[in-house]
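Since the structure of chain A is provided, determine the placement of chains B, C and D on it from the hints.
Read off the chains here:
Number of protein chains: 4
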Amino acid sequence: MDNRPSPTAPFWKRNIYRVVFEADTRAGQLFDILLLLAIVLSVLAVMLESVSSINAQYGPALRVVEWVFTGVFLVEYLMRLLVVRRPLHYALSWLGLVDLLAVVPSLLALVMVGSRYLLVVRTVRLLRVFRIFKLGQFIGEGEFILSALKASRFKILVFLSSLFTLAILMGTFMYVLEGGENGFTSIPKSVYWAVVTLTTVGYGDISPTTILGQTLATLLMIMGYAIIAVPTGIVSAQMSRNAAASATAAAGAAAAVAEATAAPAAPAYKQARCPRCQSAGHRPDAGFCWNCGGPV
Amino acid sequence: MDNRPSPTAPFWKRNIYRVVFEADTRAGQLFDILLLLAIVLSVLAVMLESVSSINAQYGPALRVVEWVFTGVFLVEYLMRLLVVRRPLHYALSWLGLVDLLAVVPSLLALVMVGSRYLLVVRTVRLLRVFRIFKLGQFIGEGEFILSALKASRFKILVFLSSLFTLAILMGTFMYVLEGGENGFTSIPKSVYWAVVTLTTVGYGDISPTTILGQTLATLLMIMGYAIIAVPTGIVSAQMSRNAAASATAAAGAAAAVAEATAAPAAPAYKQARCPRCQSAGHRPDAGFCWNCGGPV
Amino acid sequence: MDNRPSPTAPFWKRNIYRVVFEADTRAGQLFDILLLLAIVLSVLAVMLESVSSINAQYGPALRVVEWVFTGVFLVEYLMRLLVVRRPLHYALSWLGLVDLLAVVPSLLALVMVGSRYLLVVRTVRLLRVFRIFKLGQFIGEGEFILSALKASRFKILVFLSSLFTLAILMGTFMYVLEGGENGFTSIPKSVYWAVVTLTTVGYGDISPTTILGQTLATLLMIMGYAIIAVPTGIVSAQMSRNAAASATAAAGAAAAVAEATAAPAAPAYKQARCPRCQSAGHRPDAGFCWNCGGPV
Amino acid sequence: MDNRPSPTAPFWKRNIYRVVFEADTRAGQLFDILLLLAIVLSVLAVMLESVSSINAQYGPALRVVEWVFTGVFLVEYLMRLLVVRRPLHYALSWLGLVDLLAVVPSLLALVMVGSRYLLVVRTVRLLRVFRIFKLGQFIGEGEFILSALKASRFKILVFLSSLFTLAILMGTFMYVLEGGENGFTSIPKSVYWAVVTLTTVGYGDISPTTILGQTLATLLMIMGYAIIAVPTGIVSAQMSRNAAASATAAAGAAAAVAEATAAPAAPAYKQARCPRCQSAGHRPDAGFCWNCGGPV
Numbered sequence: 001m002d003n004r005p006s007p008t009a010p011f012w013k014r015n016i017y018r019v020v021f022e023a024d025t026r027a028g029q030l031f032d033i034l035l036l037l038a039i040v041l042s043v044l045a046v047m048l049e050s051v052s053s054i055n056a057q058y059g060p061a062l063r064v065v066e067w068v069f070t071g072v073f074l075v076e077y078l079m080r081l082l083v084v085r086r087p088l089h090y091a092l093s094w095l096g097l098v099d100l101l102a103v104v105p106s107l108l109a110l111v112m113v114g115s116r117y118l119l120v121v122r123t124v125r126l127l128r129v130f131r132i133f134k135l136g137q138f139i140g141e142g143e144f145i146l147s148a149l150k151a152s153r154f155k156i157l158v159f160l161s162s163l164f165t166l167a168i169l170m171g172t173f174m175y176v177l178e179g180g181e182n183g184f185t186s187i188p189k190s191v192y193w194a195v196v197t198l199t200t201v202g203y204g205d206i207s208p209t210t211i212l213g214q215t216l217a218t219l220l221m222i223m224g225y226a227i228i229a230v231p232t233g234i235v236s237a238q239m240s241r242n243a244a245a246s247a248t249a250a251a252g253a254a255a256a257v258a259e260a261t262a263a264p265a266a267p268a269y270k271q272a273r274c275p276r277c278q279s280a281g282h283r284p285d286a287g288f289c290w291n292c293g294g295p296v
Numbered sequence: 001m002d003n004r005p006s007p008t009a010p011f012w013k014r015n016i017y018r019v020v021f022e023a024d025t026r027a028g029q030l031f032d033i034l035l036l037l038a039i040v041l042s043v044l045a046v047m048l049e050s051v052s053s054i055n056a057q058y059g060p061a062l063r064v065v066e067w068v069f070t071g072v073f074l075v076e077y078l079m080r081l082l083v084v085r086r087p088l089h090y091a092l093s094w095l096g097l098v099d100l101l102a103v104v105p106s107l108l109a110l111v112m113v114g115s116r117y118l119l120v121v122r123t124v125r126l127l128r129v130f131r132i133f134k135l136g137q138f139i140g141e142g143e144f145i146l147s148a149l150k151a152s153r154f155k156i157l158v159f160l161s162s163l164f165t166l167a168i169l170m171g172t173f174m175y176v177l178e179g180g181e182n183g184f185t186s187i188p189k190s191v192y193w194a195v196v197t198l199t200t201v202g203y204g205d206i207s208p209t210t211i212l213g214q215t216l217a218t219l220l221m222i223m224g225y226a227i228i229a230v231p232t233g234i235v236s237a238q239m240s241r242n243a244a245a246s247a248t249a250a251a252g253a254a255a256a257v258a259e260a261t262a263a264p265a266a267p268a269y270k271q272a273r274c275p276r277c278q279s280a281g282h283r284p285d286a287g288f289c290w291n292c293g294g295p296v
Numbered sequence: 001m002d003n004r005p006s007p008t009a010p011f012w013k014r015n016i017y018r019v020v021f022e023a024d025t026r027a028g029q030l031f032d033i034l035l036l037l038a039i040v041l042s043v044l045a046v047m048l049e050s051v052s053s054i055n056a057q058y059g060p061a062l063r064v065v066e067w068v069f070t071g072v073f074l075v076e077y078l079m080r081l082l083v084v085r086r087p088l089h090y091a092l093s094w095l096g097l098v099d100l101l102a103v104v105p106s107l108l109a110l111v112m113v114g115s116r117y118l119l120v121v122r123t124v125r126l127l128r129v130f131r132i133f134k135l136g137q138f139i140g141e142g143e144f145i146l147s148a149l150k151a152s153r154f155k156i157l158v159f160l161s162s163l164f165t166l167a168i169l170m171g172t173f174m175y176v177l178e179g180g181e182n183g184f185t186s187i188p189k190s191v192y193w194a195v196v197t198l199t200t201v202g203y204g205d206i207s208p209t210t211i212l213g214q215t216l217a218t219l220l221m222i223m224g225y226a227i228i229a230v231p232t233g234i235v236s237a238q239m240s241r242n243a244a245a246s247a248t249a250a251a252g253a254a255a256a257v258a259e260a261t262a263a264p265a266a267p268a269y270k271q272a273r274c275p276r277c278q279s280a281g282h283r284p285d286a287g288f289c290w291n292c293g294g295p296v
Numbered sequence: 001m002d003n004r005p006s007p008t009a010p011f012w013k014r015n016i017y018r019v020v021f022e023a024d025t026r027a028g029q030l031f032d033i034l035l036l037l038a039i040v041l042s043v044l045a046v047m048l049e050s051v052s053s054i055n056a057q058y059g060p061a062l063r064v065v066e067w068v069f070t071g072v073f074l075v076e077y078l079m080r081l082l083v084v085r086r087p088l089h090y091a092l093s094w095l096g097l098v099d100l101l102a103v104v105p106s107l108l109a110l111v112m113v114g115s116r117y118l119l120v121v122r123t124v125r126l127l128r129v130f131r132i133f134k135l136g137q138f139i140g141e142g143e144f145i146l147s148a149l150k151a152s153r154f155k156i157l158v159f160l161s162s163l164f165t166l167a168i169l170m171g172t173f174m175y176v177l178e179g180g181e182n183g184f185t186s187i188p189k190s191v192y193w194a195v196v197t198l199t200t201v202g203y204g205d206i207s208p209t210t211i212l213g214q215t216l217a218t219l220l221m222i223m224g225y226a227i228i229a230v231p232t233g234i235v236s237a238q239m240s241r242n243a244a245a246s247a248t249a250a251a252g253a254a255a256a257v258a259e260a261t262a263a264p265a266a267p268a269y270k271q272a273r274c275p276r277c278q279s280a281g282h283r284p285d286a287g288f289c290w291n292c293g294g295p296v
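Sequence order for the protein chains is A, B, C and D. Residues in the first sequence are numbered from 1 upward in steps of one, following UniProt numbering. Residues in the second sequence are numbered from 1 upward in steps of one, following UniProt numbering. Residues in the third sequence are numbered from 1 upward in steps of one, following UniProt numbering. Residues in the fourth sequence are numbered from 1 upward in steps of one, following UniProt numbering.
No lab work stands behind these hints, which were simulated from the structure alone. Computed from a predicted model, the values in this text were never measured in an experiment. Accuracy of the hints is not assured; some may be wrong.
In silico DSBU-like pairs for lysine-lysine, Cα to Cα no more than 30 Å straight-line [claimed, not checked]: (1) C:K150 to B:K150; (2) A:K150 to B:K150; (3) D:K150 to A:K150; (4) C:K150 to D:K150.
Just so you have them, the derived chain A footprint on chain D, three or more residues with Cβ under 8 Å [what the hints assert, rightly or not]: (5) 42-48; (6) 117-123; (7) 202-216.
Now the in silico label distances, taken between C-beta atoms and shown as ranges [what the hints assert, rightly or not]: (8) A:T210 to D:I54: 23 to 29 Å; (9) C:E181 to D:G59: 47 to 53 Å; (10) D:I54 to B:K150: 53 to 59 Å; (11) D:S52 to A:N55: 35 to 41 Å; (12) B:E22 to C:Q29: 57 to 63 Å; (13) D:V111 to C:V72: 41 to 47 Å; (14) C:Q29 to B:G183: 56 to 62 Å; (15) A:L44 to D:S52: 41 to 47 Å; (16) B:N182 to A:K13: 49 to 55 Å; (17) B:G183 to A:K150: 32 to 38 Å; (18) D:T210 to C:V72: 33 to 39 Å.
Each residue gets a CB set at the ideal place from its N, CA and C atoms; glycine is no exception.
Just chain A, with the same shape it has in the complex (with noise of 0.2 Å):
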């Protein structure tokens, strides 16, 4: 991210740098605020267009808002890449192609139909903004829940592709089941069928009607219930388990102040935690951690 314009560059380099980048002045902030509401109102504009009654009446205004927030935008990106010190680095950054994105579909849809609509990658663009508000809390919050996640994703690729089996195995049963007469019309819709089930979403567009089936939706549908709690136990898990963690902290620094004060120190436990576990105070000559069984 330190890509700042150097300390020799033109003072309106450097200060549109501040403005444009940074919110950490009254201007910096306050441009950060307008490209809120721009991209905000420009979002509404695409969305509100695609209504036809409202298409009808003020389509022509809504394609002229369009375009010139379009302009401002292009304006904006071509801004940021004038003053900082490596433009090729911030364009191919993840920031630099959302603003990029934020440009490209109106000038797109010249050529390609349609293609007006991917406008709306706009609101991506509204995480770049949450630096007005405390940057660091929101940031350290987003990061807290995606660590959360990051350290479950094995548990969750895990339970995710049980699901997939799952719903597959439940889905071709149903086909055979209930068949087409009643809306299982073929195997690829009867699993989007089974995870409409296992999610409780339940659109109701297809739903078993003989006995024999509702009996097995009735069974997939408890499982649903039953293994919501698996997500939400792993994420909860790795909260308690960093919860934990600094729990056994203080327990261990509670263990090596004690340990200071006797003199005859006795052999105590091994430094190492648990890799998997990370539980501690395992024997110095431990091959297998006490909790969890695993090697230490």
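The following block gives chains B, C and D in isolation, referenced to the frame of chain A:
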């Protein structure tokens, strides 16, 4: 809240205050129970009146009931105004406004048709009556829930804005994929569908019919199913943190005692001072100043 | 429960008691398994009889089955009455009433048509039969769940009344917004819709059609999605609290041992815990909690 | 699992075993990736064949694909049988049966129409291929989830039987209340509706229409919403318990060290020896042997 009549106020004023505002006498409790009944019955009357078959038969009677209750609540409101020490302070307090709202819609309905239904706002007054039961208990529990929500407000804000961004993006993709003939007639409607799906409500008033649309919907559902773990995890984590805090505290006590036994005790307190009152000597894991209660 | 026949009762009485009421003999276990079968089969018979196509074919047979089971349960009930020491005490106990309810509806159906379906109340008797499996285990787990729910009953009450208040308010707004022609024909029906939406059930029998209504519904759904975290958090917090309690206890033990080793114990932390978050380890002169900032 | 060919087996046997059964060589990993692809493609072919429009166009081609994959899996199965030391042991193992199931339905379909769809059982084989990725990690996570579910199996059983009892009782009440003309045509169908409602799936294929029915449904939904907290709580509690266990352990370590400083040290280790390797000196709260990693 210390708006009670001055000790030199006439006896009847102080007496009515105790009955109307407090619940520690038998008369006060009886008053609260009658008020509870009146609120429930009056809301029920408004609700029943909206049912056309009941309105056809009992309409006039229900309207009489409504006016009687409006009269009762008006008398109660005036009485409250009369006995408090500073009437304006009460009238502008949150509870005072709620008490007023229980009366206004009926009067407003004389001028503006349809505003009568606002009378259901009276249900909010139920919260006032909680104090017949163990007041402290209820308020305490409510505060426990609220403080957990408050402590996680940034996380919840980040979570909700990600949810909305996801809904807008997915809704637009579905609008392009499925098109108007399958019910996805506009982007706002498609975003509405995306929220219906993500939250696992699943009305089924709009649902995908093409294979591509159903595949995308499947992804969205599983996402919704997975991220339902996040708000739960956020709140649970807040709880766990409190729980862990107390465990940490206990372990900390062990450390402190052990420390006391050691001759050259290491510095046990935080280096930093309180930014508000400049006091030192905070626990290393303290989040609040022991002296002024401000954040450290 | 100590309603066993006196030791001086005739041998057959004490024997039947052991078989009918207890499950520690082979005969007692066999009796329980047969009873389990009888309950499941009799409930199944009542359920199948209500299916018109099955009733047309096997109706008379099913009615015979029903009467046979009623006879069996009547004999069982009388036998239980006969062998206990204080028959009235058993008859008025919770289990005694459930045993009676398994018989009454059949007899009642001779007088009152339709009451026969109450026979499904027999399913409740299944709970009696749990003791064939490891009784203590089951009762223990059931009590664990119940005690967690009981400990959170105030929180749940506060939560439910807030939920109802929200549903009544939102339902009324939708009634005013959408009106009868879109299915929101009365306030009670709209409140029903609001509960269907808040709980993420989402039948779709009523759903908003105006843009304003769909926007409000979107808000309601996200609220429902967010507050589903609350009951989960409440129960989990109760569990975490128990878990933390045991950790605290262990840490306390550590403290106790450490204390015992120290000769001249220095003044440690305050004895009192924070009344708000229950954390310990405050400075003796602390005025505020280091963890939550509340007064101590 | 120790079914590898004896060291004296011919070289090609041992070589094929390493490729087919293990994933620690480049060839073994390539084999697993190809197998993964074959499974996904073959399941996809079965699924697509069931879509009538695709079947009309590509039916014969898809059937050829199916037979090719059946041939491939048959060869693979025979190869596995050939190289293991004890073929019968492999054939009767869980994984062996799954491998066989990937072949049988195609052959069965020659005799019995419709059994071909059982080929989707092949998805279960995906679990076999997890070991291309970090095997230990995946298995570990899967075991973590499973062990948490296993530890709570009694609680889940109690919970599910209460759920079913509730569904049967409520379903019957609704059957009596709403009757056949509103879709509640039989008790089994009404119980199906009750489960659809309790689990918050809410298809809407059956939904109450009378005011009384909707009131009862409202109660049921709120119950379902409240008790969804229970399975989540159960699993989370299991996790918290583990987390607390490690905290307790650390605190225990502090206690142990402190104890060591005291003159007459109490016996700090468990009395019992490891049932597998007979080693002594386990922590009092150890769940696994420090020496061999087996359960103690």
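Comparing the hints with the structure gives:
no.	hint	verdict
1	C:K150 to B:K150	holds, 25 Å
2	A:K150 to B:K150	holds, 25 Å
3	D:K150 to A:K150	holds, 25 Å
4	C:K150 to D:K150	holds, 25 Å
5	42-48	holds (count 4)
6	117-123	holds (count 5)
7	202-216	holds (count 4)
8	A:T210 to D:I54: 23 to 29 Å	holds, 26 Å
9	C:E181 to D:G59: 47 to 53 Å	holds, 48 Å
10	D:I54 to B:K150: 53 to 59 Å	holds, 54 Å
11	D:S52 to A:N55: 35 to 41 Å	holds, 37 Å
12	B:E22 to C:Q29: 57 to 63 Å	holds, 60 Å
13	D:V111 to C:V72: 41 to 47 Å	holds, 45 Å
14	C:Q29 to B:G183: 56 to 62 Å	holds, 58 Å
15	A:L44 to D:S52: 41 to 47 Å	holds, 42 Å
16	B:N182 to A:K13: 49 to 55 Å	holds, 51 Å
17	B:G183 to A:K150: 32 to 38 Å	holds, 37 Å
18	D:T210 to C:V72: 33 to 39 Å	holds, 36 Å
Of the numbered hints listed earlier, not one is contradicted by the structure.
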